[in-house]
Amino acid sequence: MSAPPLLELADLRKRYNVGRPNEAEVLRGLSLSLAAGEFAALIGPSGSGKSTLLNIIGLLEPLTTGSYRLQGDEVAGLDDAALTLRRRRTLGFVFQFHHLLPAFSALENVTLPALMRDGTVSAAERDRALAMLRAVGLEAAAAKRPGELSGGMQQRVAIARALVGAPPLVLADEPTGNLDTAASDEVFRLMRRMHRELGTAFLIVTHDPRLAARCDRVIELVDGRIARDERQVAAATDNPAP
Amino acid sequence: MLSWLGFEHRVALRFLREGRMQSLLIIVGVAAGVAVVAYISALVSGLQANTLEKTLGAQPHVTLSPPDEVVAAAAAPASGAQLLQVQPRAQRPRSVANWQALLPLLDAAPGVAAVSPMVAGAGLAQRGEATKSIALVGVEIERYARIVNLNSKLVAGTLRLGPGEGILGRDLAGDLGVRVGDRVNLVTGTGAGAVSDAVRITALVDLGVRELNRRTVLVPLRAAQSLVGLPGGATNIDLALDDVWQAPGLAKSLAQRWPYKVESWQDTNAPLVSALNAQSISTGLIRAVVMVVVVLGIASVLVVSVVQKRREIGILRAMGTTRGQVLRIFLLQGAVVGALGSALGVGLAVGLIWAFTHFVKGSDGLPLFIITLHPKMALQIAAIATVCGVIAAVAPARRAAALDPAQAIRL
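Here the protein sequences line up with chains A and B, keeping their order. To convert, note that position 62 of the first sequence is 62 in this note's numbering; the numbers rise steadily by one, no gaps. Every position in the second sequence, counted from 1, becomes a number in this note's numbering once 1000 is added.
Keep in mind the hints are simulated off the structure, nothing from the lab. Positions of the beta carbon are idealized from the N, C-alpha and C atoms, including for glycine. Heads up, some of the hints might be wrong.
Unchecked claim - One side of the interface only, derived from the structure: several residues of chain A facing chain B at Cβ under 8 angstroms:
#, residue
1, LEU6
2, TYR16
3, GLY58
4, GLU61
5, ALA76
6, ASP80
7, LEU85
8, PHE95
9, PRO102
10, PHE104
11, LEU115
12, GLY119
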């Protein structure tokens, strides 16, 4: 028997302002599955429901009807506490505007998940965070505050933080949307490398068709429905020859 | 220790440090409030202690005396109307019945620090051509000294009351032109019933109240019994207590137990007690209002902080921070602000008290009265301010915990 998909959405609907005159259905009977270790792009025009879908997959927002199975477990009816713990164990987030905590150094931002979980940061956790910063090329900047780092560097710290707990899935919302071309390319290549080295699945929301073209799978949303879901061969620049 | 709060306290402290100026201002605000509360509390408690000491320094806490004599109304006729007018009876000096037997019982009563029998009467003191009306007080000096702490009131001479000896109030000695070692003639009664006795002055005392200093003459109990015409008697028994505020309770229980007239110092100083109560209530009101202002100040700063930290709260929630952890982060901020403000405020209050005792002085160059901030009071005020900080943080903390993470980070 094959392993269940990492996540599986079935006939997912999301309505806002239910029962009011301004009721709006944003996601309309959407079904989607994502396997462990996939590297997928979620694209679509503004208002197509990408952010809402990412919020629901990220357990930040409840769905209205349908089913959402994460690692084989139905999570649609879980309460806030259970969703929070699930989020902590299963998901990593990378946001468009980096969203590091400005009062904490780069290293402290990366050790935050351990601190949050255990109330303290062990030497092993600290070493792991340093190794992750080394992996994203920022070990030397470990003591610096986010305000002292460039946008690209902040985003690399955010990626290190998202990956430090070895979650099976990282959700990235326009991770390069706030960066120049060079920094965008650097961040994207980093995500690809981490995906390759750690086997973490990535679901990346992007408006940039060039970045989408460099993903293994492209899911396009239009008007709350999946208009396209294609697997493709990623660009050679991101997948060095063996 | 407190590893379960390690995350919360670290984030709380960083949040406070991040908004440095905001945090500093509110801590100073709390400190000012705590300083006002601590200073006023110390000032009023010092003022009240000083007032009480001055008032009770020359009088007993409880006085036991014979019941007043009353005139019994004539029996009403069996029928018909009766118009009755009762003339109050003049109170002659009378002795407390069986006072010698009462002394050991009162000595053994819980909370009683000293018991002293007394014969009190009016008379005249004569020296040469000078004649002054006096309050004649016959006492056993060892017992009486413990009632009014006479040792601390000695101005000149030695506290001694042997046969034929007397102690005078300082101002009376001045009026009569006498000093320690001089003799004064004491006279009671009038006409053929007049009784006189000469005493040698062994000491002069300052009882703290000018009127008492101008009238008081202390003589041995036996001499007063002769002068007042109460051989073997005592017009009242004075009691000093360990805790002056227990006086009404003890007076009531003694009055229920024995058929004597028992009065506490509160009965004889009702206006003073009312003034002290009004002072305490006013102080309590000021403290409450200041604490409410402190709570509102902390709450308003934390509400602003929640808005400012909306995005950080969102990211923490997305990363798996529970609502409870977010709640505790803000409660801790309130507690930290309250505690730091308290520490600073207590320090400020100590400085204010030091300034008061060093710079505010009476005409004699001495401080008006001593005020001190007792450690227990300081700790109490600091604890209340810290709890107020936590209370102030409840609403902002609940608001932060209830934030929708998706909206907060605009994922």
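Against the structure, the hints come out as follows:
For LEU6/A, the interface hint is violated, the least distance from its beta-carbon to any beta-carbon of chain B being 18 angstroms, above 8 angstroms. With its C-beta approaching chain B no nearer than about 12 angstroms, TYR16/A sits outside the 8 angstroms limit, and its interface hint is violated. This hint holds: GLY58/A has a C-beta 7 angstroms from the nearest C-beta of chain B, less than the 8 angstroms allowed. Given the 8 angstroms rule on beta carbons, the hint for GLU61/A holds: about 5 angstroms separates it from the nearest Cβ of chain B.
Taken as an interface hint, ALA76/A does not check out: its beta carbon lies about 16 angstroms from the nearest beta carbon of chain B, beyond 8 angstroms. For the restraint placing ASP80/A at the interface with chain B, the shortest Cβ-Cβ distance is roughly 6 angstroms, inside the 8 angstroms limit, so the hint holds. Because the beta carbon of LEU85/A sits about 7 angstroms from the nearest beta carbon in chain B, less than 8 angstroms, this interface hint is met. With 8 angstroms as the threshold, the beta carbon of PHE95/A comes within range of chain B, its nearest partner Cβ sitting at about 6 angstroms, so the hint holds.
Here the hint on PRO102/A is kept, as its CB sits about 7 angstroms from the closest CB of chain B, short of 8 angstroms. Checking PHE104/A against chain B: minimum C-beta separation of about 6 angstroms stays under 8 angstroms; hint holds. The closest approach between the C-beta of LEU115/A and any C-beta of chain B is roughly 5 angstroms, which is under the 8 angstroms cut-off, so the hint is satisfied. The interface hint given for GLY119/A is met, as the beta carbon of that residue sits about 4 angstroms from the closest beta carbon of chain B, less than 8 angstroms.
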